[in-house]
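**Student:** The hints should help you fit chain L onto chain W, whose structure is shown.
Chains as they are written, first to last, in the numbering used here: chain W, 1 to 193; chain L, 194 to 397.
It is worth saying that the hints were derived from the structure and are not from the lab. A couple of the hints might just be wrong.
DSSO-like cross-link-like pairs, simulated, lysine-lysine; straight-line CA separation at most 30 Å [as the list claims (entries may be wrong)]:
id	chain 1	residue 1	chain 2	residue 2
1	W	K68	L	K320
2	W	K186	W	K162
3	L	K199	W	K87
4	L	K201	W	K162
5	L	K318	W	K87
6	W	K162	L	K311
7	L	K234	W	K87
8	L	K384	L	K330
9	W	K53	L	K311
10	L	K324	L	K234
11	W	K162	L	K384
12	L	K199	W	K73
13	W	K162	L	K324
14	W	K13	L	K199
15	W	K137	L	K311
16	L	K320	L	K340
17	W	K137	L	K324
18	L	K384	L	K234
19	L	K318	W	K137
20	W	K87	L	K201
21	L	K311	W	K69
22	L	K340	W	K137
23	W	K13	L	K311
24	L	K340	W	K73
25	L	K234	W	K69
26	L	K311	W	K68
27	L	K320	L	K384
28	L	K199	W	K162
29	W	K162	W	K53
30	W	K13	L	K234
31	L	K320	W	K162
32	L	K330	W	K73
33	L	K380	W	K13
34	L	K380	W	K137
35	L	K340	W	K134
36	W	K162	W	K137
Below are the chains, spelled out letter by letter.
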Amino acid sequence: MQASEGQFEEIVKRFVELKDTSELMLDLAYSSLMFNSRELAEEVQLLEEYVDKLHTEFELLTLSSNFKKEDAKGFLGLIRLGVAAEKIADAAAEIAEVVLRGIEPHAVLKLTIREAEETIVHAHIDEKSPLANKTLKEIHLPEETGMRVLAIRREGKCLRPKPDSKIEAGDTLIVSGYAEGEEDLKRMASPDG
Amino acid sequence: MPHHEKVKYRPVPVSDLFLEMKNLSELMIDLAYSAALFNDKDLAEDVIELEKRVDTLAYQLEMTIMIAARDPRDAEALTGISTVASAADKISDAAADIAAIVTQNIGVHPIASEIFEKVEEHLAKAKVADKSPLAGKSISELDLAAKMGVDLIAIRRNTDWMINPHETERIREGDVVIARGVSSGIKQFTKFAEGSSVKAWGEA
Numbered sequence: 001m002q003a004s005e006g007q008f009e010e011i012v013k014r015f016v017e018l019k020d021t022s023e024l025m026l027d028l029a030y031s032s033l034m035f036n037s038r039e040l041a042e043e044v045q046l047l048e049e050y051v052d053k054l055h056t057e058f059e060l061l062t063l064s065s066n067f068k069k070e071d072a073k074g075f076l077g078l079i080r081l082g083v084a085a086e087k088i089a090d091a092a093a094e095i096a097e098v099v100l101r102g103i104e105p106h107a108v109l110k111l112t113i114r115e116a117e118e119t120i121v122h123a124h125i126d127e128k129s130p131l132a133n134k135t136l137k138e139i140h141l142p143e144e145t146g147m148r149v150l151a152i153r154r155e156g157k158c159l160r161p162k163p164d165s166k167i168e169a170g171d172t173l174i175v176s177g178y179a180e181g182e183e184d185l186k187r188m189a190s191p192d193g
Numbered sequence: 194m195p196h197h198e199k200v201k202y203r204p205v206p207v208s209d210l211f212l213e214m215k216n217l218s219e220l221m222i223d224l225a226y227s228a229a230l231f232n233d234k235d236l237a238e239d240v241i242e243l244e245k246r247v248d249t250l251a252y253q254l255e256m257t258i259m260i261a262a263r264d265p266r267d268a269e270a271l272t273g274i275s276t277v278a279s280a281a282d283k284i285s286d287a288a289a290d291i292a293a294i295v296t297q298n299i300g301v302h303p304i305a306s307e308i309f310e311k312v313e314e315h316l317a318k319a320k321v322a323d324k325s326p327l328a329g330k331s332i333s334e335l336d337l338a339a340k341m342g343v344d345l346i347a348i349r350r351n352t353d354w355m356i357n358p359h360e361t362e363r364i365r366e367g368d369v370v371i372a373r374g375v376s377s378g379i380k381q382f383t384k385f386a387e388g389s390s391v392k393a394w395g396e397a
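Excised from the complex, chain W in its bound form (with noise of 0.2 Å):
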């Protein structure tokens, strides 16, 4: 018997979300250092306990697949995805814990942050926003509001922001960029205050 074609879906599967989930550690990871958040860091903290568990659930599934002798190298390389994935991780948290104990960040740490007022701000989406059930790339929050979506929150899990990612109502974007794009920002998010 063979792996079957559902097996590699659910494999590929797993492995688009630790690689998201990867990724999305290291942009908030230097998130965290240029607005010296501890919020963002710990962030990290709770992605990489995640991650380490999405991490071993695929391996799991990967080895568990019925492959063939001629396969094994395919799989190898699937496993090898995954052990980069997590080394990646690794050093986000790395980056956050610089955070966490308390070291301010070194102006050059802080990148090219601009002097004039940045912020993170987090916005709850209501039923009767605007922007619920659309894609980001549809409501254009940079234009609008000079804003850039970190992460999304959704029902206890942090998501990767893509174009393609749909907004739910009840979702919380976690936004940085100007002062003045919060007030737009949140009255989009909740209409109702």
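**Tutor:** Coordinates of chain L only, in the frame set by chain W:
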């Protein structure tokens, strides 16, 4: 034995070294995944090359930090930079591990690759030909995102890399451009870059 370049101290600002390490390591992740998921040897070799560059930068950064620390306060502040730079170095190592899946002929299972094809974005690299309609145009003039659903994420000009190039940057003949996007758009983009498209730029 691979050749290891001797690293000498160069008076380069810490911020420049750090930013280059960060940008290169992030670009390498994208290049490496695309190389492995779609079995692209050419991209994989670029990643291996870039990894050497990041290693060199890591040494130079460490040297610069050592010289910069004069008192305990400096040491505390600079330790943060050193930790983050070493994390960026680890990320570039992870990217090189991913690229090695391709260069060592291990490969990702072809059925998995087929599925990745449907769910993941593609990355492609192309050299801009002299007859390419891209040559001489700025990134904002090209408007690739609207035209073909493609983002230009890096330009290599001789040995320099421009990562997330500015809107006003003009593409030159001989540039190596790296773009990301949907598979059909990427194919179209590559043809235009190489000057082999049968369509005129205006029809794109």
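**Student:** All the hints need checking, so say for each whether the structure fits it.
**Tutor:** Cross-check of the supplied hints:
Note on K68 (chain W) and K320 (chain L): the hinted pairing is violated, with a Cα-Cα distance of about 40 Å set against a maximum of 30 Å. With a CA separation close to 21 Å, the supplied pair K186 (chain W) and K162 (chain W) stays within the 30 Å bound. Distance restraint check for K199 (chain L) and K87 (chain W): the Cα-Cα separation of roughly 27 Å lies within the 30 Å cut-off, and the hinted pair is therefore satisfied. Between K201 (chain L) and K162 (chain W), the direct Cα distance comes to roughly 41 Å. Violation of the 30 Å bound is thereby established for this hinted pair.
Pair hint K318 (chain L) plus K87 (chain W) holds up; C-alpha atoms about 26 Å apart against a cutoff of 30 Å. For the hint linking K162 (chain W) to K311 (chain L), the alpha-carbon distance of about 15 Å falls within 30 Å, and the restraint holds. For the suggested pair K234 (chain L) and K87 (chain W), the alpha carbons sit about 22 Å apart, so the restraint of at most 30 Å is met. For the hint linking K384 (chain L) to K330 (chain L), the alpha-carbon distance of about 16 Å falls within 30 Å, and the restraint holds.
Taking the CA atoms of K53 (chain W) and K311 (chain L), the gap is about 25 Å. The hint holds against a cut of 30 Å. A hinted pair counts as satisfied when its Cα atoms are at most 30 Å apart, and K324 (chain L) with K234 (chain L) qualifies at roughly 26 Å. Between K162 (chain W) and K384 (chain L) the CA atoms are separated by roughly 26 Å; this keeps the pair inside 30 Å, and the hint holds. Restraint check for K199 (chain L) and K73 (chain W): the C-alpha separation of about 36 Å exceeds 30 Å, so the hint is violated.
Taken as a hint, the K162 (chain W) and K324 (chain L) pair is broken in the structure, with Cα atoms around 34 Å apart against an allowance of 30 Å. Restraint check for K13 (chain W) and K199 (chain L): not satisfied, since their Cα atoms lie roughly 43 Å apart, outside the 30 Å limit. Straight-line distance between C-alpha atoms of K137 (chain W) and K311 (chain L) comes to about 19 Å, which keeps the hinted pair within the 30 Å bound. Of the supplied pair hints, the one linking K320 (chain L) and K340 (chain L) holds, its CA atoms being roughly 20 Å apart against a limit of 30 Å.
For the hint pairing K137 (chain W) with K324 (chain L), the CA-to-CA distance comes to about 33 Å; that exceeds 30 Å, so the pair is violated. Our distance criterion of 30 Å between C-alpha atoms is met by K384 (chain L) and K234 (chain L), whose separation comes to about 19 Å. Distance hint between K318 (chain L) and K137 (chain W) is fulfilled; the C-alpha atoms sit about 25 Å from each other, no more than 30 Å. The hinted pair formed by K87 (chain W) and K201 (chain L) meets the criterion: a straight-line CA distance of about 29 Å does not exceed 30 Å.
The suggested pairing of K311 (chain L) with K69 (chain W) holds, with an alpha-carbon distance near 27 Å, which does not exceed 30 Å. Taking the CA atoms of K340 (chain L) and K137 (chain W), the gap is near 15 Å; set against the 30 Å cutoff, the hint holds. About 11 Å separates the Cα atoms of K13 (chain W) and K311 (chain L), which keeps this hinted pair within 30 Å; it holds. Between K340 (chain L) and K73 (chain W), the direct Cα distance comes to roughly 39 Å. Violation of the 30 Å bound is thereby established for this hinted pair.
Distance check on the hinted pair: K234 (chain L) and K69 (chain W) sit about 24 Å apart at the alpha-carbon level, within 30 Å; holds. Taken as a hint, the K311 (chain L) and K68 (chain W) pair is honoured in the structure, with Cα atoms around 25 Å apart against an allowance of 30 Å. For the suggested pair K320 (chain L) and K384 (chain L), the alpha carbons sit about 10 Å apart, so the restraint of at most 30 Å is met. This hinted pair does not check out: K199 (chain L) and K162 (chain W) have alpha carbons roughly 41 Å apart, beyond 30 Å.
The straight-line distance between the Cα atoms of K162 (chain W) and K53 (chain W) is roughly 23 Å, inside the 30 Å bound, and the hint therefore holds. Under the criterion of a C-alpha separation no larger than 30 Å, the hint pairing K13 (chain W) with K234 (chain L) is consistent with the structure, at around 24 Å. This hinted pair checks out: K320 (chain L) and K162 (chain W) have alpha carbons roughly 28 Å apart, not beyond 30 Å. A hinted pair counts as satisfied when its Cα atoms are at most 30 Å apart, and K330 (chain L) with K73 (chain W) does not qualify at roughly 44 Å.
The suggested pairing of K380 (chain L) with K13 (chain W) holds, with an alpha-carbon distance near 25 Å, which does not exceed 30 Å. For the proposed pair K380 (chain L) and K137 (chain W), the alpha carbon gap of about 22 Å is at most 30 Å, so the pair holds. A distance of roughly 22 Å separates the Cα atoms of K340 (chain L) and K134 (chain W); the hinted pair therefore holds under the 30 Å criterion. Of the supplied pair hints, the one linking K162 (chain W) and K137 (chain W) holds, its CA atoms being roughly 8 Å apart against a limit of 30 Å.
Violated hints for the displayed structure, listed by number in ascending order: 1, 4, 12, 13, 14, 17, 24, 28, 32.
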